[in-house]
Each structure stands twice: as structure tokens, then as C-alpha cells.
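Student: The chain contents come next:
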Amino acid sequence: LHAEDLAPPKSNRQKWNFLSECVEKAMPALVHIQCEPPNNGQPFSHLHSTGSGFIIREDGLIVTNAHIVRGMKQVLVKIHDGKIYYGLVIAVDHVSDLAAIKIEAKNLPTLKLGDSKDVRAGEWVVALGSPFDLVNSAAAGIVSSVARGSEELGLQKAMEYIQSDVIIDFGNSGGPLVNLDGEAIGMNNMKGPTGISFSIPSNYIKDFVERAKVIDERSDNTQKQCFFLGVDFLTLTPNIIPELQTLRPDFPHDLGMGVVLIKVARGSPAFRYGLRPLDVITSINGQPIKVASEVTAAIASGQQLKIQFRRGQLTYETIVVPQPQY
Amino acid sequence: LHAEDLAPPKSNRQKWNFLSECVEKAMPALVHIQCEPPNNGQPFSHLHSTGSGFIIREDGLIVTNAHIVRGMKQVLVKIHDGKIYYGLVIAVDHVSDLAAIKIEAKNLPTLKLGDSKDVRAGEWVVALGSPFDLVNSAAAGIVSSVARGSEELGLQKAMEYIQSDVIIDFGNSGGPLVNLDGEAIGMNNMKGPTGISFSIPSNYIKDFVERAKVIDERSDNTQKQCFFLGVDFLTLTPNIIPELQTLRPDFPHDLGMGVVLIKVARGSPAFRYGLRPLDVITSINGQPIKVASEVTAAIASGQQLKIQFRRGQLTYETIVVPQPQY
Amino acid sequence: LHAEDLAPPKSNRQKWNFLSECVEKAMPALVHIQCEPPNNGQPFSHLHSTGSGFIIREDGLIVTNAHIVRGMKQVLVKIHDGKIYYGLVIAVDHVSDLAAIKIEAKNLPTLKLGDSKDVRAGEWVVALGSPFDLVNSAAAGIVSSVARGSEELGLQKAMEYIQSDVIIDFGNSGGPLVNLDGEAIGMNNMKGPTGISFSIPSNYIKDFVERAKVIDERSDNTQKQCFFLGVDFLTLTPNIIPELQTLRPDFPHDLGMGVVLIKVARGSPAFRYGLRPLDVITSINGQPIKVASEVTAAIASGQQLKIQFRRGQLTYETIVVPQPQY
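Chains as they are written, first to last, in the numbering used here: chain A, 1436 to 1761; chain B, 1436 to 1761; chain C, 1436 to 1761.
One thing to keep in mind: the hints can contain errors.
One copy or any two copies: either way a pair holds, since identical chains are not told apart in the list.
As the list claims (entries may be wrong) - Cut-off 27 Å, straight-line C-alpha distance, at most; resulting in silico cross-link-like pairs (DSSO-like, lysine-lysine):
hint	residue 1	residue 2
1	K1547	K1518
2	K1698	K1725
3	K1741	K1508
4	K1460	K1592
5	K1592	K1450
6	K1445	K1552
7	K1513	K1741
8	K1552	K1450
9	K1547	K1450
10	K1445	K1460
11	K1547	K1445
12	K1518	K1592
13	K1592	K1513
14	K1508	K1698
15	K1641	K1445
To be clear, the hints were calculated from the coordinates, so they are not data collected in a lab.
Chain A with its partners taken away, still in its complex shape (with noise of 0.2 Å):
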């Protein structure tokens, strides 16, 4: 007779919850990534562009979207025990959208990158992340393409999605997307309609690690001026386009090309010079503006943009000085 056997019968909630344990393993792990504030000394406001990231390494080697980081060499970190660190971020990738920022931490929880060519459609996921600056959250879901292709979703990169059935938010980007074993198979990255969401599979994460490292030991931890703008986007492709139009019956439908605003943050620099959410970058300087990484570079510029924008049939310019940091 074994000890089991002797133990009185499971309830439901006992025998049917695996997604607690899934997400009770994962979320320490789970990191909140900021950048700094301007002016005064309050983190973690509202007022700045806001993601998540988790920790693959107990060293504190943390992984998150290049987009959250924007051009900033230095971010603000926050664990899973509600502590601050200043993260360096040593290596990004503007093609696949990844970042690996370092803090100085011992012993910290970690999250194993799973194999993302195992990966089943239909099998359960959890995502967690901030969605709605709401930290700590976790949705559910089942996979719903296991190789959705770059192309299909019109960007011009030849990358591939895990596309999921869990609701994120652009808070959820950068966090990580865990299987029932625990393991992170992919990191959150993209919003299409809801229930349709995109994940970097973690292949690409290992392999993008294995570079950082590199430049990680090398890393002289130089910090170089960084900007802020005050704005959430992404590139504008083809299959958007109609859910946009029923947000706003008069989204430009024949635009081949841009970058949307999802957020503007209020009192920042894009707020004042009248950017809107739904508003359309078309060329900055002059130059024609295609996909999303073009809007971060402009950005970390630091330069003075004239911003061209569209916003419903009609077009718009407006110039902007994107904020130094610190």
C-alpha cells in the first residue's frame, strides 16, 4: 500500500488545476521594465513606456522586447519581490525585436527557454505580463498557428510567430509565454485582434542570447544619452487594417505602409505637439517610414523630427524634440 492510496480522494480544484502550478513556477521569474523618468524621482509612473521581461539567467540576465528599450542604454528593473535595480541593456536586435539587459543580482528565480520546435498547436500557454499596467497578471490560452510567418502578417522580415488565443495587451510585450512544464517558449510580442496574439519563439531567444553573452563580457558599461517620446506603435499591416476601421470609420484604407500610435502618453512631448492614438506615421525627415524600428531610430536620434502623420483622409506635419532621459 502506498501513502497515496491511503490519502482521501482529490477534489476537482485539486486534481484539474495545472495551470496554477504553471504559473506559480513561472512568475517569479516575471520582470517589469521601465524607462526612466524625466524630470522627477517617482518610478514606475504611468507617464513612460512600460514592458515586461524574465530572467534566464540567476545572475540576473534578462531577456525582453527591443521595442520596450527603445534606444535607451539603461532601464529600470523590477522583481518579482518588488525590488528596483538599474538594468544595462547589453545587446539588441531591432530585426527580431529582442533585448537582453544585465542587472547586478545573485540567486534570482529563472525561467528554462523550451524548445519551440516541440511545440504543439493546441497546447495549453500562459502568458504573463503587465497588460493595462496591471502587474503580475497571467491569461490563458491554447496555440493557435505554431509557425505563423512573418510574411502572412505583411512585415517585410522572414521571421515566424508562435499565434496564440490569449488576450494580451502591449503591457504583456516582453514577457513570456510558458508551457505546462514551466519553460518559456516564446516571449510576448505582438497584439493583432484580440485573441490573436504573436510570441517569439524561444529558438530565436536562445540564439540571440548566445550573441549577448558575447557582448556582455565585453560590455564597458558606457552610458550614452537617451530619449523619449512618449509613444506606443506599431507597424501597420495589411490585416489590422479593417479592425482599426471599426475603431475609427475613417482609418485611411489606402495606406500601403506605416507606423500606427496605439498609446500617446499624456503630457509627453508627442502629446503636446498634437499626436493622437490611431494617428499614422508616414515619413519622418523627409523619409518615407515603413516598419516600427524606423520610429525607434528617429527616436534615439535625439534629433528635432518633422513628423508627417495621417489622421483619418486628412495629413498632417507636426516637429517634435524627442526628451533627453538623463
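Starting from the known structure of chain A, arrange chains B and C on it as the hints suggest.
Tutor: Leaving out everything else, chains B and C in the frame of chain A:
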């Protein structure tokens, strides 16, 4: 040899449908609540505020949200078998947004209130209610956060909510959030953006019910005059402003507080005097409005209301007289 | 000792991914359907109405929604391995919104039609299809209600639907709703607000297929001229009006009936003559329009259509000529 060893092997469908058991166990205790119609005898029309509730004592003690009964002393209650009762509102707590209703009946199916301290992140939950007036609907998800503080939601009270990724609608308000053991661990209370839902933990409900029982015993069944304006509303919190701005690009961004209208019933007093969805009430009779319960109280007064509200960048004023119910 | 007693213990991922089995079993029978392109040879472009369907007989009998084939005699069918076939529309029932298509093939993977009388509230289901043109996508959820009456949805016919909380899009229309045993218990048919989806129960499909077989045998393969307007639409029902009003604050609230446009294809006849998403068609050629099938029939006539429609509080009129297909 046991009988079950000889039984044919279960199909996947028979083995894994653990949520069906929980829905079938809990559904009979769900009720549908409606304020009485003003002018005609047609109950459960679309004109009036409706919501959900659930039976917690077999002699007809029902709990729901305070904002559903909105100042009324008597409401209509439809139970699972289709029977309609008059229910007496015996206790209301506007801070926690809880109300207790008593119907005269016996041997009703009940739902047990679980222990909300015991809830785990990632555990399966089912929300029962009437989203978009579709009665007896079930929706599933997981617990996203076991204790989301009201201050994180911009609410000025000291409460914690269970956050889940279940998709609910205002018609789910007052309905139970059920765990896999078929216990109510919360009451669905607020809808954030899609996939972000908040429920009042069951331990708050237990405390409230203890107090309500005392009131029940001394209840004198006096009916007081009740009033109707025809609006569904919720307290404006900073974290829902970005979503409202996406729905309506000119939604005011400079409002620190107010109460935003979600639905305005066609033909209601509010509708006839110009109020529309997404208007934000900022003051009534010269008093600034900060939380939803102040609007409820103003309607319940039955007096003429001078309502100041924001629509886009403009401020309007209207005078409305709540309509007596019976 | 059994072999399985010696096997290493399964990981949570291996133990609990019961939805993967069901997706992997059902996916090969899913097909993608498109009306033929009018002017160029590029199949499966975004210009045309597309939808999903599934194979129910290994010699190429396929079922889908009637509104997807919209009056055409022949459509393009892409099966799971990428092969494209011409499919003959052999039967259409506009009341139940079902159509049967036959392609010339052998040994195709099929999906068994389950018994929809046997469906339980709360049981796991997976919707397969092409939401937002993302082919072969899977999304999961539970059955919210086993028999939602069409009268509750404001539809003037005597049908019942399976309501689920799966997030679907118009591109899921015609695709299967699959249970854990890998059987189609319904066909995805209508999208309500997010998280409220309606499927035609499989027993309706069985009845329809019986009738379709007879037609198949006497089919003479006559091809008739078909027409294209470039719109996706659905019958306006009272319970979707509040959601449409939130999307567009001035959406008309005084409309008792009509057909609301959901998508208008860029460059299509409808688009060129001024129709836009969220317009409500109220009459065609002087006849009041109450249900979607009347619009389908008008387009199929190929004649010039004088369309009266509401946009916000104003009424417009336009004259459109459907475009011949081949």
C-alpha cells in the same frame, strides 16, 4: 477486480470535461435580476437595468451587486426554472458594491461561498450570468491575480479584487465566479478591457451576508418610492482611459475623476434629455461626482438633477428628472 | 507489470494537453474557401470574401455557410496540404445558412459530425478556421449555452445555436467547432460581441447533408453567372446595437431592423459607390431589408441595386451594380 476496471475506457471528452461538472453544479443557483418596468406590464424587457445574482440559502437569500438594485426596495428575480419572484432588497453596501435580496421560496438550489483566501493564481474559474442579456451563459478562464488592490485600479477605497481573464460583460455583474469544486469564490463586479475582469472575493460576501441576516430579521417590508434614470455607468479610473480613447479618439484625457456612462436605455429619461454612451458625469446639482455610488444616490433621491457632463472636449449641462417606479 | 508502469512519469505538458490531440486530429479536414477573383489570376487575395469549411466525406463532400458561397455555383477550395480545387456548390439552405460543396478528390481526411443533442454546457471546444485571413488557426473555449434560441438573438427563424466563449472572427465562418473527441459538434456561424460566438449544431448539418446528397446525385454541373459586391454583413439584432453604439457613438438607435455592413472590400463595387463599415442597409430597390439573406439574394440577381442605408442619424441612397464573376 473493481467495476471500473471492467468499464470501457473513457473517451477524451468524458475524461477531461471537468468544467462541465462545475457549470452544471452551479448554474441552477444563478438568478436574473431586473428593476420593475415603469409603464407597461412586460417584465424583463431590454429597457431596464438588469444583472445577475445567485442564491446562497435555500429559503431565498440572494446576493448581487449594489449597483444593480440601484436604490430600489423591490426588484424582479427570475430563477433558473423560469419562475419570477418579487425580491425585497434587504441590505446594500455601496462601498463593496454588494446587495442582499430575499425572495419567498423554499428548497431552492444554492451555491456555496468558497474561501477566497485560498484562491491560487492560474486556477480555472467560470463566470455565470447574462452577458448582453443572453441568460444562463457560462464563460471560462483563469485567475490572473489573486488580490488586485483597488488603488491599482484608481478606486478610492480599500478593497482587493480577484482578477481573471474571463470575458465578461455588464450583464455578468452580480453573477458568481465559480471554482472547479463548484463554489462561488467571488462575485463578478467590474469589466476592464477585454480579458481583464474583476470579482469581489467571497470572503467580503460572507462578511456582508452576516450583517444582512440581522437586517433581514428586523425587516419591516416597507416599500419606498424608487426611481429610474436609464443609465449603466462606472467610476472613471485612469487605467480604462486609454481604452475609452481608442473607442472614441476625442475622449477627454484631462479628467481626473468622474463617472462614465456605458449604456443609455432608449426612451429612458437620461436618453430623452441628451445623455449618451461615453459621456462622463462630472457634477450633479453643483456637487463634484467622483464615484459611481454618488450617481446612484442622486438618482435614488428622486429629485430633479442638474447634470454636468463632458463629451469629447466640450462640457454640457442637462436637467433630468428620474422617473418614479411604482 | 504493464509496460506503462515502467515508463517514466509524464510531465504536466504530456499529461494535460488534451486539446492538442483534438486540434491535430481535426485540422487536416479544415478547408479554406474563396470566391474566384474577378480580374486577375491571383487566387486567395484579400479582395474577396473568404471563409472556412470542412470535409465530411473522403470523396470531397464539404460543408460551409451559405453566406460564404453567396450565390456562386463554383468556388475555390484550398485543402490542408495546400492543394487548390474548384468546388461545385451542390446545395444551399439560406434559412439555416448551410451550403454543401463537392470537390473531385479521393481519400481526403474527414471530420465526423457529432451528436449535438449530447453537448454539455461547460465542455471544451475548439474552433478551427481563418480569423483575419490567418489560415489554419485554432482557438479554444467552452460551451456557454447548449441551445440559444434564434428569437433571443432577434432573428426571425426557428433555430437554436450552440453559444461558446471562443473568440472567433468572420474568417471562422463555416469552420468546425470540435469537441474533445475530435468530432464536429457545430459549424461556426455568427460572431457576437467578443467572447460570444454562435455555431450551427451538427444535427442541423446532418439533416442538411442528407438532403444535399440527393441533389449531388442529380447535379448537372451547370454553371450559372455569379456576382460580387464586396461586402460582409450580418442581420441587425437588438442585442448587438449597444456594442455597435460603443464602436460608433452615433450608430442609429431607432432602427428596428436592417443589415449592418461589417467589412467593405477596398476597390470593390460597394466601396466605389460609397458603402462603408457600420452602414446599415434598410432597403434595396424599394423593398425593406430585414435579414442578411435578402441582401445575398439581391446581389445574386446581378441587377442594378438602389440601396438605401443609414449612417449615424442620416439616410443615404446609392446605386450599385454587382460585378459579374466569370
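Student: Starting from the hint list further up, note which numbers the structure goes against and sort them upward.
Tutor: Violated: hints 4, 5, 7.
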